[in-house]
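There are 4 protein chains.
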Amino acid sequence: MTIHYRRAMSLVSELTEEIRQFAVERDWEQFHSPRNLLLALCGEAGELAAELQWVAEDRVNEHLSESNGRERFEAEVADVAIYLLRLCDVTQVDLGAAIRRKLVKNALKYPSEKVRGSAARYSSADPES
Amino acid sequence: MTIHYRRAMSLVSELTEEIRQFAVERDWEQFHSPRNLLLALCGEAGELAAELQWVAEDRVNEHLSESNGRERFEAEVADVAIYLLRLCDVTQVDLGAAIRRKLVKNALKYPSEKVRGSAARYSSADPES
Amino acid sequence: MTIHYRRAMSLVSELTEEIRQFAVERDWEQFHSPRNLLLALCGEAGELAAELQWVAEDRVNEHLSESNGRERFEAEVADVAIYLLRLCDVTQVDLGAAIRRKLVKNALKYPSEKVRGSAARYSSADPES
Amino acid sequence: MTIHYRRAMSLVSELTEEIRQFAVERDWEQFHSPRNLLLALCGEAGELAAELQWVAEDRVNEHLSESNGRERFEAEVADVAIYLLRLCDVTQVDLGAAIRRKLVKNALKYPSEKVRGSAARYSSADPES
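Taken in order, these protein sequences are the chains called A, B, C and D.
So the number in my numbering is just where the residue sits in the first sequence, counting from 1, plus 12.
So the number in my numbering is just where the residue sits in the second sequence, counting from 1, plus 12.
So the number in my numbering is just where the residue sits in the third sequence, counting from 1, plus 12.
So the number in my numbering is just where the residue sits in the fourth sequence, counting from 1, plus 12.
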């Protein structure tokens with residue numbers, strides 16, 4: 013129950029703090045320059061990509077419902093998040109605020125009434141490009 | 013002040029919900045398969061990497077203190093996070109819990125008293141590999 | 013016809029030389045440290061990934077037969093290759109030899125008679141992991 | 013000496029053929045769809061990034077002159093190249109020609125007399141963006 017509560021209430025700031033503590037306890041802050049963390053983030057994004065590289069599109073759900081497949085996937089997702097949060101920490105980016113600013117920007121760029129439900133429009137209206 | 017409050021209190025679950033709403037309003041959920049989102053995540057990690065690709069190590073802080081450099085960096089960080097949270101949403105990964113499980117696992121693998129403060133040990137003791 | 017000849021005969025060493033010349037003529041060698049090039053390579057791999065991020069599996073061939081889709085794809089493939097060859101150049105890696113050494117290593121690791129034609133074995137026998 | 017000759021003469025087409033043969037002998041062509049290979053490429057680019065993630069800028073040459081560091085680096089470089097060439101093979105991209113087309117395009121975009129030797133111009137004149 014305590015666990016459930018914490019899960020439901022994961023604050024970005026708390027997770028960031030826990031990740032920082034992990035580094036501090038090992039005196040690993042010295043290695044966490046922005047570019048080092050960026051290379052590490054690319055490394056982990058790559059490992060996550062590798063998890064599904066040979067899994068056919070219609071087999072993904074099945075793969076992720078197998079305990080081994082899910083465990084590996086979640087561990088890689090966590091690794092990407094850990095380095096992303098650590099990068100935000102050392103570069104003083106408020107990630108929650110940055111996400112919300114980007115969503116506002118994207119909403120102006122892609123008004124729902126204009127792009128709604130169209131695959132064709134979506135391709136030319138990549139929300140992140 | 014409201015904004016400050018929300019920033020300080022960014023819950024992973026709330027951010028996830030806001031990102032999902034953005035997709036729902038545009039009927040873009042149909043494009044958000046795990047592998048599509050994974051390719052998009054790799055794309056955004058790459059764009060983030062590109063932000064610092066020509067910035068010398070000792071120039072990073074200066075670069076990130078310039079308004080243009082910071083704005084671009086934060087937008088790319090946000091893009092990575094948006095796709096990561098969206099990926100967790102569609103694959104039903106509780107990201108906060110996954111991060112904490114990984115930190116526990118890493119703590120067992122790299123006891124602070126053994127790896128502390130050693131660059132040499134760190135290299136061979138990559139916390140994420 | 014000359015062009016056809018050169019295409020059929022693209023030597024890794026010649027391409028590497030042409031890419032180096034491009035940098036030399038612009039005095040851009042100073043920016044091409046291994047880690048800079050590595051971040052740039054990740055950036056381009058990400059842009060390549062983005063080319064197919066929203067293209068459904070069974071639509072890829074069609075997408076790549078459209079002139080715009082193909083042109084963009086080939087340009088991104090080239091960008092990845094350019095930075096990879098440039099990285100090999102500055103780190104003095106003979107790419108052809110490195111590829112052949114890796115194929116020999118992989119052949120020992122995955123004897124064709126053992127792994128042949130089995131999806132299940134392939135998953136657990138990722139040739140590159 | 014034969015080896016030296018082959019190294020000096022590595023043709024893109026020959027390497028592509030050798031990589032294809034490796035897949036054919038194992039009946040692995042069925043797994044090599046463009047998007048699968050793209051995820052694999054991102055995975056390998058990430059592993060390559062990881063090789064230098066904790067290596068300080070001024071330690072890179074030393075790291076790559078140590079036999080273990082160099083061997084790992086070359087193996088990862090080869091993995092990226094193998095998947096890139098395999099991707100070109102299945103999508104029928106003539107990589108040498110694509111690289112040369114991109115260099116011509118970049119030369120028009122960044123005339124050497126205009127961008128030469130200027131870090132400031134280089135930043136805003138990223139050859140690949």
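Please note that the accuracy of each hint is not assured.
If chains are identical, the list can't say which one is meant, so a pair holds when it fits in one copy or spans any two.
Listed next, the in silico DMTMM-like pairs over lysine to aspartate or glutamate satisfying Cα-Cα at most 25 Å (straight line) [unchecked claim]:
#1 K121 / E74
#2 K121 / E69
#3 K117 / D101
#4 K121 / D70
#5 K121 / D106
#6 K117 / E83
#7 K117 / E69
#8 K117 / D70
#9 K126 / D106
#10 K126 / E30
Hints in this document: simulated from the structure, not taken from any laboratory.
Computed from a predicted structure; not experimentally measured.
Please write out, lowest number first, the hints stated earlier that are contradicted by the structure.
Violated: hints 1, 2, 4, 7, 8 and 9.
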